[in-house]
Every structure is written in C-alpha cells, then in structure tokens.
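Residue numbers (our numbering), protein chains in the order written: chain A, 1 to 756; chain B, 757 to 1090.
Just so you know, these hints were derived from the structure itself, not from any lab. Glycine is no exception: its CB is placed at the ideal position from the N, C-alpha and C atoms. Please note: incorrect hints may appear among the correct ones.
[What the hints assert, rightly or not] To give a feel for the contact side, a few chain B residues facing chain A, derived at Cβ under 10 angstroms: (1) Arg759; (2) Val1000; (3) Thr1003; (4) Trp1005; (5) Val1010; (6) Asp1026; (7) Arg1032; (8) Glu1037; (9) Asp1041.
Each chain is listed here by its residues.
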Amino acid sequence: MTWDRVAIVERQLDTYLERAEPAARRLGLDAPLSGAGGLTAVGAIRLFEDQLTSRQLDVAARELKKTNRSFYTIASAGHENNAVVGARLRVDDPAFLHYRSGGFMMARARQLPGSTPMLDTLLGIVASSDDPISQGRHKVWGSRALWVPPQTSTIASHLPKAMGLAFSLARAKRLGVENGLPPDAIVACTFGDASANHATAIAAINTARYTVRLGLPMPLLLVCEDNGTGISVPTPDGWIAGTFADQEHLAYFHADGEMDDVWDVVGAAVDHVRKQRQPAFLHLRTIRLWGHAGSDAEHTYRTPAEIAATEADDPLLRNARRLVDSGAADPEMLRDLVRETRDRVMAVAEEALRRPRLQTTEEVIAPMAPSHPDLVALRATLPLASPDERSASFGSTLPEDATAPTSRTLAGSLNAALADELLRRPELVVFGEDVGRKGGVYNVTNGLQRRFGQARVFDTLLDETSILGIAQGAAHIGLLPVPEIQYLAYLHNALDQIRGEAASLQFFSSGQFRNPMVVRVAGLAYQKGFGGHFHNDNSIGALRDIPGLVIAAPSRGDDAVRMLRGAVAMAIEDGRVVIFLEPIALYHEKDLHATGDAGWLSDYTPPPAVLVPGEIGLHGAVDEDADVLLVSYANGLRLSLQAARRLTEDHDLRVRVLDLRWLNPLPTDSIRAHAADVGTVVVVDECRTTGAGVADAIIADLAESRTGKRLASVRAVDSFVPLGPATAAVLVGVDHIVAAAVRAVGRRRHATGARS
Amino acid sequence: MTRAAVAFPSSGSYGPGSLGSIPASHPWVRRADELRSTYDLPPLSLLDAAERFDPSVHLRSANAAPLTLLSSLLDAERIADDHEVVVVVASSTGWSTALAASGALPFDDAFHLVQTMALLAEQPIVGDDPGGQLVYALTDETWQQDPMRRSALAAVLAHHPGEAHRSIELGAFTTISAVSGVLPQLASELPPVQVGRRRFPIRAGGQHAWHTPLRAAAADEAATKLANLAWTAPNVTLVDGRGVRFTPWSTDPVELGRHTVREQPTETYDFAVSLRVALREYAPDVILLPGPGASLGEVCAQLIVGEGYRGVRTRADLESQQAGGAPILLAMRR
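So here's chain A without its partners, still in its complex pose (with noise of 0.2 angstroms):
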C-alpha cells in the first residue's frame, strides 16, 4: 500500500472526473444547486475553483518539501469548505484566521480585484521576502489589503484579539476614530475543534457572552472548523456541539453535507452576527486530509482503513460530484480546471522560488522594534490641550498647581498624568477590573471615568487575558488602549496575549498591522499590611525576553508623568506594545528617609514634558567624584538613595545613584558610561536572584565591555514573597545594599593599597 497520500488524494478525484457522466440537463449560471439554495451554479464553481487552488498549493508545499524548498506543510487539505466563509463575508469584515484557512483566503481575495493569492501564498511558503505580509518571516495567512491580520497561533491565542476588535468596533465609530470598517463590520476568527479547548478560546468566548449580557455589541462570528482530531488526539463525539450548541447570549451553527447546504448555514449565521450585533458559533465540519503537517507520520495512530475512510470524504470530491449531479459543471470541465490549476500552481511555484529571501539579521529584524526618536518627541508634543480645556477638565487647581500630598505622590501623578492623555487624545481608552466606577484598587483611576466617560474609561470583566484581548482589538482600528493590569501576577496567565500575539504583529506583518498599547501593570513587591507572593510579585522574566517589547518602570511620580507620555508616544509613532510597570508599595508613599519629610513626593510636570527609554535619572554624587555607583529602579531607587545617605554618613563613601526608568531597552551606553567613570557598580534589583530582574544583564554587558572595575549585585531572594514581616527576610533592604557597597568599595580600597 503506497503511503503518498497526495497521490491517492489526487488520483481519486481525476478517476471520478475520468468515469462521472454528465447530468442530463445543465443548469442556467444563475439557477440555484438545490430548490430554496442560495448558491447559484457559477457561484459554487467559483467555490470550486477557489478550493481547488487551495488544495494545489498544499500539494506544492509537499512537493517542494521533498527538495527542502518550502517551509511549511500544515494544509488547509479537508478544510476547502471555509471558502464558503470567506466568500460569505466582505473583504471589510477584519478576520483573524488560523492556519488551514486556504479556501478562505482565496475566496476573499476574489473579491478584491487584482489580489494575487497564489503566489502570495507560495511567497509565504518558500519564505521570500516577497512575500507582501510576512516578508519571509513566517508562512501565515494574512492581508493589509484583505483585512486579515497574520496568525501564527495554533493555540486559539487569537481569538481574544478578535473579540476585543467586535468590542471595539461601535466604540470606535462613537469616538469618531477612523478606520474605514462600515458601522456593519462584522469580525471572524476561525479556530480548529482541538484549540476550542484552549483556556483563551474559552476566555474569548465567555467575555463576548458577556457582553451580551451586559448589552454591548459583539459582532463576532467564532468560526470553528471541526475535522475532529488534534494532531493525533481525537475529539471526542459530539463534543463541540455538545458544548457550544446550547451556550446563552451564542447562537449556533451547524454546516455540513453538501455546498450549497454549507452555504445556506454560513449565510445564516453571517447575517445573525451583521443584523444582530451579537455572537455567533459557526460549527463548519471539515476534515483533515494528509496528517498534521508533512512531518506528522498518521499511520502510525491511524490505521490504514481509517485513513481510507477520511480521504474518501474529501470536500473537493464530494463538491465535484454535487457540481456535476447538479449540472452545474460537467465532468470534462472540471477536468479541464483541475489540469490548468495544477499546472498554473506549480509554474507559479518556480517564480515564488526565485524570489529573495530574507539574509541579514537587520533585515529579519526591521519591523520589530521600530524607533523613530524625533517623531516620538514630536508626537509627544502633539495635540496639546488649551489651558481653558484642562480648566475645565481639572476643576479650579491644576495638577501642576496641586499641593495636597495625595496629589503629589506616585499615584496621584498617574492619575493626573492620564486624564491629560485622556484629554489630548480622544482615541485614547482606559479600561481593566475596577478601573471605572472604582478609580482603581490604588486609586490611580479615580474619577477618570466620571471625567472622560464610560466609553473611554470602563470596568472590564475579570480576566486578564480578554483584558489584553480588547487592547489588541482597539488597537487593530486606530483605539489606543491603556489597559490596566491589576497586578503583575494576574498577567502571568495571560501572558501569551503580549508575548506571543501583541508583541509579534508589526513582525508577522512587516509593519502593516499594529497593536499600539500601554498596558499598566501594579506590581513588585514592598506592600505594607498587604502582603502575600500573589500581591507581590518580584519578577519580571517573563517580560524581558519578549523581543521588541518596551518595559517602563517609573519610580518617583515626576518621572512617571514623563514616562507615560513618552511611553503613549511610542505607542501611536512607532506602533509598540509598552508595559508599564507601577511599583504598588510606591503609590501612596510620601516620604524617603524619614516619616513626615516629604521627599517622595513631587510636583506635576504639564505636558508636554516627556521621557523616552535611555533617559536615566541621576541622583547623589552626579557632578562630582563618587566611590560607588548603585543602579537600580521603581523600589530599588528609593531604597538605594536611604542606603546612599547610610553609605555617607557611616561609612564617608560618596555614592552616585543611577535610576534605569526604563528596563528594556536597557540605558546601556549611560549604564557604561557612568560604571567607567566611577568604578565600582553595585547593581540593586528587587526582583528575584535568578533571572527576574535586570541585573544579569547589566552585570554581564559590563563584564563583557570591560567596563567598571568592581562590579556586585543585590537581589532578592529565588522565594516567593511570604506574608507579614517574614517579607524582609527574601526582600532586598537598605542594610543589603549598604553592605554590598562596603565589600565592593574595600575590595577596591584593598586593591590598590589606600586603605586596608
């Protein structure tokens, strides 16, 4: 038995073409398949056509890949049938796809005249820099011109993004934020029946059920397309519908059997989604034909008669046969279309194959991390609200002018900070658990909502992950979304939406699709009377990896009002995704050193002041000689300048204080810069010792440049953060600091001999 399944495949639709006979009578162009049908005859060969270019091109990725000339092999084989939905819906209807949707692709691009989608699609395969959306970075369905986003996920990590766009969609049109989607745009994202069990397909689909609830739009149709099996694992029976048939505020839909049948239901729950502005699950079965991808050998937990069994239900045979049953097309026309699409697809082929491809790291990198330095500062500057409109906005004392101490603090800075953003750019949202009514856990929302509206300022459901789903929706149409995480730990289960979704578009797309965003994050550690690991948390990590994202960590409340400006503008100019991180312990605090001294609090700086990633602060002996540089930031800082003052006093040691501000991208030149000028570098990090923080990487790039003499670190310990006063035994403290200073300052003084 041969197990070049594309050849039986194959063969067995060129010997039903060889032996079907033509109906006895052939229908009009326009005369419906069936009875009460809606498609049409020339409109199911249309299907046909785009299906059998699908199916062509995942015969070409396994024919390439025999000569190692193609990248990718997961096929859309068995999964024709979401042509019908790609045809259904318009070219302005945003869709975020998973990666067998061929059909689909090859459906919409029809309707936009001059789309190339096969040699797109060949582009992507063969990994050209050609390719017009990924330019060789990955092989993904996706369009600026099509309206389709690329996806990598293979997880339903993108359907959080798509409910967030179909939340966003009226809010946009409300605030008069331009995108060029009709007030009836609809949004659809297709997803296999395995990642339907996916915790995010789960969070996605309860927050638009939610939605409904709470009577807002949600215009999403959650397309899945059932070939019962993940990988190798099959679904079991009845599961899908079992679960989403009977789920309130989520109409259902179950297309099967033949295309016109398909049709009739994709159509159906097209147009419940477009009339009703509500959510639909469109339960398309398909198969899978092939395995999983070229790699994933079926045989080996499927038997053969299994296989068999699958083939023989292949849609294009089955769509052929109902086309010539129904006298739509004869047998010798078909024949005469499969001929010409198999060889058109492999010309195409060979030209996708002399197209360049990606050779340089700075070329692979582009679109990644754009800066644009100057636009930034400029966009920093523009609009700036009249005074009579912050007058009117801020009541009769401006946040400038503010002298109560709870308006000088780190929290009370943010919240003034963020209702000028919100009042200089009306396309700004804030959102998250208890940011609206509430003004937030911390207070730093407060009164926005009351301010600025429900429309830009609103209580989110409690889930992190939908949370940042809306950010990306909003983003994709022109929002700019100021998401509040509630605490650092609740973004750990929702961190595939930043690392893998958010911080991957501008790469995937070359640039044509952005996310811009300023996620707020309350977190670190230091809480008095609040304590616990989950309301602490002290790491990072997980964060600093993610290529292209930006890690702002404001310590003092002047800072954190330039920060956040600097930090918007870089999301609107150069389109990056921008974590915020607001040290909790610090919000309310008002003092440094001594109870009742005032200093930390500060006076708010209007806009446009601004602070972009390198800007350091400097602190202590800054225009003078010193014995030890600390570096550090958010808690770090403010515990850095007490042992500063301990380092003086007790110990005659003149100590300059570097604040990062910003912890990716690293201030590297000015980290070096000031570790060459005074020598000895003590690195203080609250987050945990391994890998948590930031002091590896600036204790390695100044091992590595050769730069500072003597170079120590403080961290916290590799624990969770217990509660109560035990905090003091993982945390980092004054006297650890002042200690590691000592030691590296001796071991200097030791080395050269001035003091023993």
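For this one, chain A is given, so just place chain B on it according to the hints.
Showing chain B alone in chain A's frame:
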C-alpha cells in the same frame, strides 16, 4: 510547451508601419469589410492598402479601432502551436480584441463592439469638445519608479476633482483625461520630466477621455446599441483592467458583457494591474505581443522590471534577458 501570456494593444496602435498588414482575402477581413458597409464606412482592406499613412484617416477612432482589431487577431491566429496561451490581457480598448481572440464574442459581435465603441468615442463630451488626454511618465530612464512624480500626479488629480481623471494606468506611464479646456492647466501643474528624448506631459490624440466618468453617456448608448451581443465564457482566462479574472469555467457572460459595455468606458483601465495579475498568478514563460506595432513592449518590459519577475529587476537585466536565448517579451510585429 511554453506558457504564454498574450497582451493585446489598444486601438490607437495602428501606425504608419502597419499599412499592408491586413490581407484583403482573409475571411475575417472580408467579413469586416461587409460589416463596415452597414456602418457606411470604407472597407478596412482599402484603408490598409493606402500608399501612405494619413493621420486624419488612419488615426480616426472609427478606423483605427477596427484596423487594430483585425491586425491583432491576425497575429493571434499565428501564435505557434508550441505556445500554450494561459492568460490574456489587453491595454484599454484592446480588451475587445481579447474578447474576440478568446471566443468570448463571435467575430461579428466583436466587430460590432469595436466599431460601435469607436464611433461613440468620436462623439463630443460637452458641446463640440471631444475631450483629450495627457500622458505622463512615472519612471525614469532606468525604469525605476519616481515616487515624486506619482505624488505630483495625485496632487494634480486631487486639485481638479471631477475634472481630471486617471484614464489608463500603464505603470511606466499614466494618462489623465479631461475636457479640452482643462488640459493646459493640468499640463502646467505637472512637473515637466524628460525621459530619453521625450518630454512629459505629452498631449495625446485618440481615445478622447475614454475610461472616465465623462463617458457616462457613451456607456449608456453603448448598452442600448450592444444589447444583443452573444456573450459567452472565454476559452482562456482574461484579466481585465481592474485585475478581475474571467476564467473559462466561472465566467458569467452577463457580467462580462455588463463590465465591458457599461463599466469600462467610464472606469480607469489599469493595464499595470492586469499584467501584474497575469505574471503573478499565471507565471508565463513569455509574453506575446500581437501587433499592430509593438508599443506595448516597453510598457510590459517596465512592468516586468517593477515586479522583479523571473529575477529581472533592472532595465539591464531585462535587456540582457531579451538578448539571450529565452526572451520574455516576444513582439509579433516590429
């Protein structure tokens, strides 16, 4: 077999060098001459047999268009058997030739289409003004696109909404059409550019303001006069001036007819898009260029370079490819 694309030229292509290219004894020529008499127009064979090219006669739309049709079709008939024609495109009114060559219209109907449209194109737009057009070059002498020129063109079009219209897009060149009174103003607003010995913008004759909304009345009249043509699916895929593909399998003849008669006269014809679709989706080994003339050759060459097709990314690449053993462009007349 060689995969071939065919690109038919527009109706203004019949030039001095085309005289004598139409054999009077050929059945199509004889039939065309018979049909010409029903329009009270002189036989094409006679015009083609003229001793010298008379612009007032040979460039007249009502003569040039059917002369072009015949000349092109006769060339297409000579396409060698070792070429498999996989896709057909056309520049502007050459679309009618493509319809005839691909069997989408029988010869008589194709002739009626061409002759009727050509006569309508001679009608004035407003009063006695036939309108006119400017040709502007968008690439430099090395065939690279000059973005400044495209933005200047866009600015001029934006400055004259409803007056100036992009009528034919050729990639290397574009034509903008308007009523005659506006043309000098448009010409003065476009930055002059020199390409070789030619200085653009150039005021061009023929096809007065075709492919613009100024021709809505002509489209209406065409729809009435050409209501009974026997449209059918082509026997090879046609790609029109929007980039839409009409395949032998899924063409709705009614749509094809409606687009040709009602939409093409009033919509921009983008040859660059059509050839791009043909190259990218049909991967031809050669592009055959039937006559008359070979004016589409340079346009196609520049589009090949713009696309980087077959690794041809510069003018020098193209010239070297053409000089080698496997030229991409094959002109059937010179």
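Quiz item: Can you list which hints this structure breaks, lowest number first?
Solution: Structure breaks no hint.
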